[in-house]
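Q: Chains A and B supply the protein sequences, listed in that same order. Take 0 as the starting number for the first sequence in numbering that gives the first Met the number 0 and just add one per residue. Take 0 as the starting number for the second sequence in numbering that gives the first Met the number 0 and just add one per residue.
Incorrect hints may appear among the rest.
[What the hints assert, rightly or not] Listed next, with one range per pair, are the computed distances between beta-carbon atoms:
1) A:R351 to B:E65: 33 to 43 Å
2) A:Q50 to B:P289: 15 to 25 Å
3) B:V122 to A:F403: 52 to 62 Å
Hint data in this document are derived by calculation from the structure and do not stem from the laboratory. Computed from a prediction, not measured in an experiment: that's the story for all the values here. Where a beta carbon is used, it is the ideal one built from N, C-alpha and C, also for glycine.
There are 2 protein chains.
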Amino acid sequence: MADKGNAVIGQSGGPTAVINQSLVGVIEELKKQGKVDRILGARHGVRGIIQSDFITLNDVPTDLLERIALTPSSALGSTRDKPDEAYCQKIFESFKKHAVEYFFYIGGNDSADTARIISEMAVKSGYPLRVYHVPKTIDNDLRTTDHCPGYGSAGRFVALALMGDDLDNRSLKGVKIDVIMGRDAGWLTAASALARHDEGDGPHLIYVPEVDFSDDKFLADIDRVYSKLGRCVVAVSEGIRYKAGDRHSLVTEKVVSGGEVDAHGNKQLSGTGALGDFLSDLVKSKLGAPLQEKTGSKLRVRADTFGYLQRSFPTIVSPSDAHEARLCGRKAVEYALAAPEGLASGSVAMKRISETPYKIETFPTALANVARQTKSLDSAFVINGCDIGAGFVKYAKPLVGELFRPGKL
Amino acid sequence: MADKGNAVIGQSGGPTAVINQSLVGVIEELKKQGKVDRILGARHGVRGIIQSDFITLNDVPTDLLERIALTPSSALGSTRDKPDEAYCQKIFESFKKHAVEYFFYIGGNDSADTARIISEMAVKSGYPLRVYHVPKTIDNDLRTTDHCPGYGSAGRFVALALMGDDLDNRSLKGVKIDVIMGRDAGWLTAASALARHDEGDGPHLIYVPEVDFSDDKFLADIDRVYSKLGRCVVAVSEGIRYKAGDRHSLVTEKVVSGGEVDAHGNKQLSGTGALGDFLSDLVKSKLGAPLQEKTGSKLRVRADTFGYLQRSFPTIVSPSDAHEARLCGRKAVEYALAAPEGLASGSVAMKRISETPYKIETFPTALANVARQTKSLDSAFVINGCDIGAGFVKYAKPLVGELFRPGKL
């Protein structure tokens, strides 16, 4: 069977609620096509490859695979390692040793870059390796594709969370600030706009990293909404940034001195409530007295940071997201096995071919089109620097799926 | 119709995911019995009563009522006002003015106390008022009743959140700390134990307010779990407290200087990430270096504070909780209208009459049995001061309902 070669699957970066759908998609398509011998799952991404920490996936029972597909987070384990030259050399040694000819890497733009480096090294060294990246990110910030598997379910969580939180803030009125994941792009924060059904529904203000943040405008916006409605729900991206001259700096940097930086040079934004608390204190200190004078009652200000729940909360997955994540896994195998037709290595992307009914098709694209770069939120979606418009809602609604519609008195 | 008298319904305190089930239960039973004239909803609890801010509920369409029943948070609005003598006098004036003879107040122990004060003033002044408290709290800390409507759904959120978070932390390993609501009682934090299915599943450590907190024990516990598993998920109540001599002090008090206090003298614990960040920094500073030396890799420590999502997130309600919240609303009407049989005023409580199948029945109890006091988590449920045992799981499982079972490789 050695003439068939083996396949390795890895998962990388921050998990999502549907990353295992892609994993199961790769496995089932590989089994269906029958052109590879062993299907090896690398534990914790590239780290598992260099440590030869593999699990054979050929014989995992179908019912367990289906349960895994419904389970959030990366079933194989993930990693934030960013392979350099020496690291990649070790990966090749492992691939050669294990007769690996197909590598499927499920991840974001950092992972696509890792896949690109490995595929280029393979080409250079004449090693017959086909590398396919399967897109995954709750941030929705990959280029080329219409959207990313993982985004719809995270967006669904955010929309439902904001819907519940707005109901909560109607009940006990105040200013409520919710901090949402998304280091460089505001896609996930923008999904909070889907929480709105009726006039007056929150979030009333939405701040994304694509718009320069200003404490003064933030305070003026809240003052305006609160003075009108007596309540205000605010969705804020963890990645909001100030601009001074030509330089952007994360608001979080002002708040957290020191702080952690990962192997990709990314500063830790999640897993801390610091930004929410800073914004909350800002509102209390600057608007507390004037709004109390204006309304006659004490200003109640609270902040929540949604944190890892956004990517890992079980049972509220978007149906289209689950379907597409699976599809992208299957298509990666189809494209890889089709070589020399098409691209020997690449990434799976999605194109929207119909709005009503919503319909997508996939296509292969070069790894370089996805690697490293990020796709910002379309600035046409942003209104007055503090809200998200109907264009975005039209774009995102089918990705997030039908949402609960609250009843109000 | 004036001989029939009118009824007022109010909702108070922190909302829950099923508090509107109780509201709809009261409305439907009042309509069914046909013994009151107008059914008035007080906007924002007692505040709506003194401001004569009522909405007539007799003619709200059934399909809207059913949608409201499924909607989290208090549809009538809530309040944290705690009526004193003068405030209660105003309530009576309003009740007299509006010919109110029945008052149904859906809330926690503070609300039960409000109900008690009002009912006692009514008795004293000879005003023919029947006051029934309908229990509601995510904290599950009311006396007399087996458990409280609202708790099961919040517990379901917490259990699912911890399940997802443990999967996340298996994928990218580290120490993860989750801060859970519950000012005085650890019931909600304990519900995190329901997230566990298999050996090695988190949360691995659970800290409740009923056990004195110690930084040193906390660190030793985490060190032990992390050294064994290479990962550690910790559930911590926002209400954990130190003991020095005879005095208890909230850990949060050490972290947040100043801080807000509400009308009930309660310190603000939710809506801030300060406690999680404090604990996270503590672990990083004390265990970072030794654990890095022991394991060879950098210790990753994150904290999330679940905040208001625990009580307001839509669509993941516990079925038994929804059913019982509705039932308690209906029974409050039944008990109130039965007078002079039984208690003219009181609170609805639940008794567990069978474990398999799980079954409860309701009974009326005096307001004084519920007012003000809190019911702590049974200390027999706590293991070694840092975990929750099988006794609790048996108690809480039917309240939270069947949970998703993750698939793992």
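Q: Could you run down the list of hints and mark each one as holding or not?
A: Hints and how they fare:
{"no.": "1", "hint": "A:R351 to B:E65: 33 to 43 Å", "in the structure": "holds, 36 Å"}
{"no.": "2", "hint": "A:Q50 to B:P289: 15 to 25 Å", "in the structure": "holds, 24 Å"}
{"no.": "3", "hint": "B:V122 to A:F403: 52 to 62 Å", "in the structure": "violated, 43 Å"}
In summary, the structure is inconsistent with hint 3 from the numbered list given earlier, while agreeing with all the others.
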